[in-house]
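Protein chains: 4
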Amino acid sequence: MAAKSVKKVVLAYSGGLDTSVILKWLQQTYGCEVVTFTADLGQGEELEPARRKAELAGVKQIFVDDLRETFVKDFVFPMFRANALYEGQYLLGTSIARPLIAQRQIEIAEEVGADAVAHGATGKGNDQVRFELAYYALKPDVTVIAPWREWDLTSRTRLIEFAEKNQIQVTKDKRGEAPFSVDANLLHSSSEGKILEDPAVEADEIVYQRTISPENAPDVATTITMDFHNGDAVAINGVALSPATLLTELNALGKANGIGRLDLVENRFVGMKSRGIYETPGGTILLAAHRGIESITLDREAAHLKDSLMPRYAELIYNGFWFSPERRMLQALIDTSQGSVTGRVTLKLYKGNVTVIGRESPNSLYSMKVVTFEDDQGAYNQVDAQGFIKLQALRLRLGAAAGRRGGTP
Amino acid sequence: MAAKSVKKVVLAYSGGLDTSVILKWLQQTYGCEVVTFTADLGQGEELEPARRKAELAGVKQIFVDDLRETFVKDFVFPMFRANALYEGQYLLGTSIARPLIAQRQIEIAEEVGADAVAHGATGKGNDQVRFELAYYALKPDVTVIAPWREWDLTSRTRLIEFAEKNQIQVTKDKRGEAPFSVDANLLHSSSEGKILEDPAVEADEIVYQRTISPENAPDVATTITMDFHNGDAVAINGVALSPATLLTELNALGKANGIGRLDLVENRFVGMKSRGIYETPGGTILLAAHRGIESITLDREAAHLKDSLMPRYAELIYNGFWFSPERRMLQALIDTSQGSVTGRVTLKLYKGNVTVIGRESPNSLYSMKVVTFEDDQGAYNQVDAQGFIKLQALRLRLGAAAGRRGGTP
Amino acid sequence: MAAKSVKKVVLAYSGGLDTSVILKWLQQTYGCEVVTFTADLGQGEELEPARRKAELAGVKQIFVDDLRETFVKDFVFPMFRANALYEGQYLLGTSIARPLIAQRQIEIAEEVGADAVAHGATGKGNDQVRFELAYYALKPDVTVIAPWREWDLTSRTRLIEFAEKNQIQVTKDKRGEAPFSVDANLLHSSSEGKILEDPAVEADEIVYQRTISPENAPDVATTITMDFHNGDAVAINGVALSPATLLTELNALGKANGIGRLDLVENRFVGMKSRGIYETPGGTILLAAHRGIESITLDREAAHLKDSLMPRYAELIYNGFWFSPERRMLQALIDTSQGSVTGRVTLKLYKGNVTVIGRESPNSLYSMKVVTFEDDQGAYNQVDAQGFIKLQALRLRLGAAAGRRGGTP
Amino acid sequence: MAAKSVKKVVLAYSGGLDTSVILKWLQQTYGCEVVTFTADLGQGEELEPARRKAELAGVKQIFVDDLRETFVKDFVFPMFRANALYEGQYLLGTSIARPLIAQRQIEIAEEVGADAVAHGATGKGNDQVRFELAYYALKPDVTVIAPWREWDLTSRTRLIEFAEKNQIQVTKDKRGEAPFSVDANLLHSSSEGKILEDPAVEADEIVYQRTISPENAPDVATTITMDFHNGDAVAINGVALSPATLLTELNALGKANGIGRLDLVENRFVGMKSRGIYETPGGTILLAAHRGIESITLDREAAHLKDSLMPRYAELIYNGFWFSPERRMLQALIDTSQGSVTGRVTLKLYKGNVTVIGRESPNSLYSMKVVTFEDDQGAYNQVDAQGFIKLQALRLRLGAAAGRRGGTP
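Residue numbers (full-length UniProt numbering), protein chains in the order written: chain A, 1 to 409; chain F, 1 to 409; chain U, 1 to 409; chain Z, 1 to 409.
Treat the hints as calculated values from the structure; they're not laboratory data. If you're wondering where the values come from, they're calculated on a predicted model, not measured in any experiment. Hints may contain errors.
Claimed, not checked - Below 27 angstroms or equal to it, Euclidean Cα-Cα: the simulated BS3-like pairs (lysine-lysine) are: (1) U/369 <-> Z/174; (2) U/194 <-> Z/348; (3) A/348 <-> A/255; (4) Z/60 <-> Z/7; (5) Z/172 <-> Z/24; (6) A/194 <-> F/348; (7) U/194 <-> U/255; (8) Z/369 <-> F/4; (9) A/8 <-> A/24; (10) A/24 <-> A/60; (11) A/194 <-> F/24; (12) Z/4 <-> A/4; (13) F/194 <-> F/73; (14) F/24 <-> A/369; (15) A/4 <-> U/369; (16) A/369 <-> U/4; (17) U/348 <-> Z/255; (18) U/7 <-> U/165; (19) A/369 <-> F/255; (20) U/194 <-> F/4; (21) A/73 <-> A/348; (22) F/348 <-> A/348; (23) U/348 <-> Z/172; (24) Z/7 <-> U/174; (25) Z/60 <-> Z/24; (26) Z/255 <-> Z/4; (27) F/60 <-> F/73; (28) Z/4 <-> F/369; (29) Z/255 <-> Z/194; (30) U/255 <-> U/73; (31) Z/369 <-> U/255; (32) U/7 <-> U/60.
What the hints assert, rightly or not - Taking CB as the label site, the calculated pair distances span: (33) A/156 <-> U/378: 43 to 49 angstroms; (34) Z/237 <-> U/239: 20 to 26 angstroms; (35) Z/154 <-> A/64: 44 to 50 angstroms.
The C-beta atom is built at its ideal place from N, Cα and C for all residues, glycine as well.
So here's chain A without its partners, still in its complex pose:
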């Protein structure tokens, strides 16, 4: 693959070994100016070292942004309005961060007049797709550089050789192979590869970084309340919090109670199965709480419609189509349902379990008067049920009369 002609490239730069090598490699291979962009998405690493390393590498335009509030408010929360789970289980922690990074990269590219963007994702994973689909959707003529698909630094040894030859600092712990690969942000931490590659073998406890184990969690439950407004969480235990602060607090609660671990074999968009260990402590609580408040405030058919479209919505995000017409259409549908999703949920956190134990709302559709086993004073006329059933059954009876017993088609 011949090197494309590029004048200026915005690199998603973490400051770690890999993207430091990429930085240098871009400068050498493309002979172009590199602009670095380092984002704080709550991954738990300091950003200033990245700035210094970029300076050392001769970068003139360095962007370091704290995007945590934007991340939670404009990406995580909209996604949780959908109760999104990929393949029934995965809370999409990595998937939902990529579009934001890409969006900011493209903004910077416009700002500094860059014609290219680059990322450090490999050619086997989903992240390359997520980054690049977002780039193209936001700037269709941008040149995308994906060094891992292009270069010949295909082994750890060659990567480190390149680093050393180019005065890139290789810390001791990076010299050997990491036993697995990690991605982290405010929503979750994911681990995969290497020692995790055999799906028949249990993941070692050392893999888990964001949660203590259920076994080590306290022997007494923690009870909290969460308040929602129009589908988004706004307070914990009655204390109003900003989106990122709230998620940070939920993470602490989840971590302490061993909540949010997931050991999953999933299907990647590029066609293979992979195994990941996910830790989503706060998100796991948030999902349970959101379902809890929806259970009394959402109309049945609104809820079922959302549920029926959720897998598709989750798949879109997993596959990297955040910036697509179809995601926006589904989001409009979902958001339209959330105007009444306001109220308080009480949850019990205990050794890996999140249990909704109470819900209340000014918009509640739950009617004790109607549902009661006691005398309902005419709120519901039981005789109506007969007509309801008779007409529901009519087509089945006509079918049975035509010889199709028991719904044989």
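Assemble chains F, U and Z onto chain A, guided by the hints.
Just chains F, U and Z now, with coordinates in the frame of chain A:
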């Protein structure tokens, strides 16, 4: 509502106070012969007392059947192939039992020449619908009697008066109001009503009957294996078990480890919200295990297609449409996917948590050779990803070029 | 069914024999004041006779409204944005009119302080459901009176006896049985019942009232253009027209060219099949034109998402759930897609055929540069297709390698 | 792209100029033995010339197969059971033929011990995807050669130069550019490219090859009957016909009556929009007839479930996933519904119109007794409708009571 003309009616008879009153009420109101049918679906009650009570009430044709194996094999297992959850959470324990009871009732009706069937479900709940849709689908000209919608015994006091006036034994504990209402079978136990009617108030520990609390479960995890063949569980810890025996064993494991409790506000088919406490110890393990074995044996699009239709399938069962063409069509789709769902899952059970920690299968689609972070020796060509992404992005780029940035529709 | 206690009822009143009988029957049976509401939805009948008849019947508050523009703008057009077809064929002409009538009835009820509403739909059809669901959604405590389900005027003879006894004018043509029943509005005319009840027998030409037959249409085609803005039709042959005027003009074009006839057996919400003859001349052209402009302005996945949800949306409208959360959610999704659906379509109308023969738009996503068979100057790199296909095929290849040839699940 | 190492390749060979060039190019470029495969799918061309040309080119193993019956029976008919339409309009005539050609190619490859297959589809279209996905699904280790993506014969001039240099006969009409490109088989003929590339310009009459224009069709209608058995057409006018013979006969009827033309802008799987002119005379009649017989024999929910999944099924076929688990799963669902789809439909064919004017079936679910406007003698109790509506409305009333008027979510 005028009493319909009925000659012989088959009553779903538990032997409890309510259906004993119904038995007598049917004899008096319809002046017809009553045939009783009592089924063992694993509810954990002896059936012989029901037979004796029926004899005392003058019933001549009494049917008492152990349907546990049929229940699990032909109803529970097919449903679990779909990973069915109603409203994202409910394992449909009550819903799936009703069609079997109704089916057997109709078989008996044909056998004894009855022209009517009767059940003890109230006019507010889902069960009346489930019973009656099944009746009509299997015998379209049957007369259905639902005493709770017809009679005037609308208070506990009047019911007990009727019982006493008619020599029906009222045990001491039935004399007062039960604090909540219970339905149970081999798959689950559900509790609702009375003290559970306020969804803001936590359910009391006394409500739980099938599981010990996570707090009281052992401090060490239990690890088990489950074997699947064509989508159905066939063995625990390597020991082959019949369907009902296997579910019984899973229930014991779940109960001991505090697994399978659910406190839910759900939407009934008849249009109201209700709150239920469900305990599905074995089913909760079974679902996790089935998802685990599917994760390595199901093709991605097969899995996603199933996931996208699951809410509809679950809704059908919840609403009582087991015997319908649409349920059979969806079942055909689901079953077609299960031919390769064979293999072994390892699970950890610990204080309410069920965690899949390993999966293996002769049919595994997981390819370590393809997914590896190490050199894959050409199993996957990373350069292919570029073309893949470029064509996935083409429509987004054309859209952006036409002025729709970021997928604005 | 005992007469409910009612003080004042708003009746949907056409001025015809049936609703005139209902008017009188309501006055007699409920001893209440009746307010009449007569709407012009483009059914092609004069409204002033209805006013006079209501006056003669002693009605004090008489409402006669021309709702044609509202009908097309707020009901027909939103529905056409979805390309809605019930059961693949029916353009929902009756279904879409009912919610508007009901909405206005409830507004009037609020205005005049009525506690009840009444309609003239029978107990077998869909219209009773559509009226009443709308009533309840807009005024949950309203009392609904459906005379056809309540009274004993169940034969034509008794109806006419009642009319004569009560000085209601029975025109000669109403004295005998009408050979079929008709509903009409600006969107369509439907005919059903009586001579149309046998679905094996062709409908007689006399049934058709809104269209000439294709055989009698001109021997030369009519070519027109239609302009769309944000998904709605705004002009014919370059002349801007209001919604109702535009549909009126399309009806004339369709009628003259024998367009829009449909002979259909459909499934009613109440559980039976029925046979209807529909004539939707303008709507048939509108649907073709809308699909035409969407074909160049809608993104592929936006279009496919709409298509996949269309049957559900159409079913909702058919079943009477216009005023429901789920319809509004779907509408939000659909409307979100229409912002770019602007441009011009050229259509040929000829003896029953509507053919899109040209489309153009400032927002077109069709790129001659990309699609051309000629040299595209790098707009599309054919080599990308290889990677695209390789990754699309990966899961199939892994499946085949695991022994599942040809996608055997 | 370096030439892969190939020993023997099976080429899908039409005998035309393009595939003749490919044949020679494969021999030269890959230095491998080429096996040709020419199929009769009803495209209306003689096959023997292809055999002779292959012999002249030195091919030793030549396969010429008449696949018409297989094509209709195992591909076209299963697809029509679904009423499949891509993007609401396209009958998938090209899409459905590709998997059969690919399947036979792979069978031949296995038979002759070939390690590669080749096709003549370009790198911009859908057909390359359809061929190759089928190849990979059936023989995962096969080498695929797509000359159009590989070679440098990218202009007509160079192609003809290559032909002349290699003694490939170039007929006079092939020397100039064809004004558009055609694909044909027993189901349809499609035309695209060149003079058709501007979607604003009407297609010229010369494009149409399979149908006369509605204008030129007879002035009197043709009435036919079609018989179906288990969802498949089996007879025309009472005469039993084999699948291919039946479709041939329908094509003649459609052609003569100007039926089945479509001018469409569609979305390709590879990401671009394209414009095609399709002629599907017999298929258009078949679809109308199949919908007609389903209208009286399919249960409502069975029909709606099919309709809701149809767009997905059609998309799968369009995209080339015939041999995939998800297509087989959907097929199982569809086929399960067709057991009762048996009976006779009467159709009127007139100048482009296909109208179902009658349907009858021994399995009919249409009940004149229930639907009648006359006295139904108790077949349907109109009072049941009240309870039906009341319970359907309950959630809407609870919503309205909670302040959400008119279904505001």
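Quiz item: For this structure, which hints from the list above don't hold up?
Solution: Hints 11, 13, 14, 19, 20, 23, 24, 26, 27, 31, 33, 34 not satisfied by this model.
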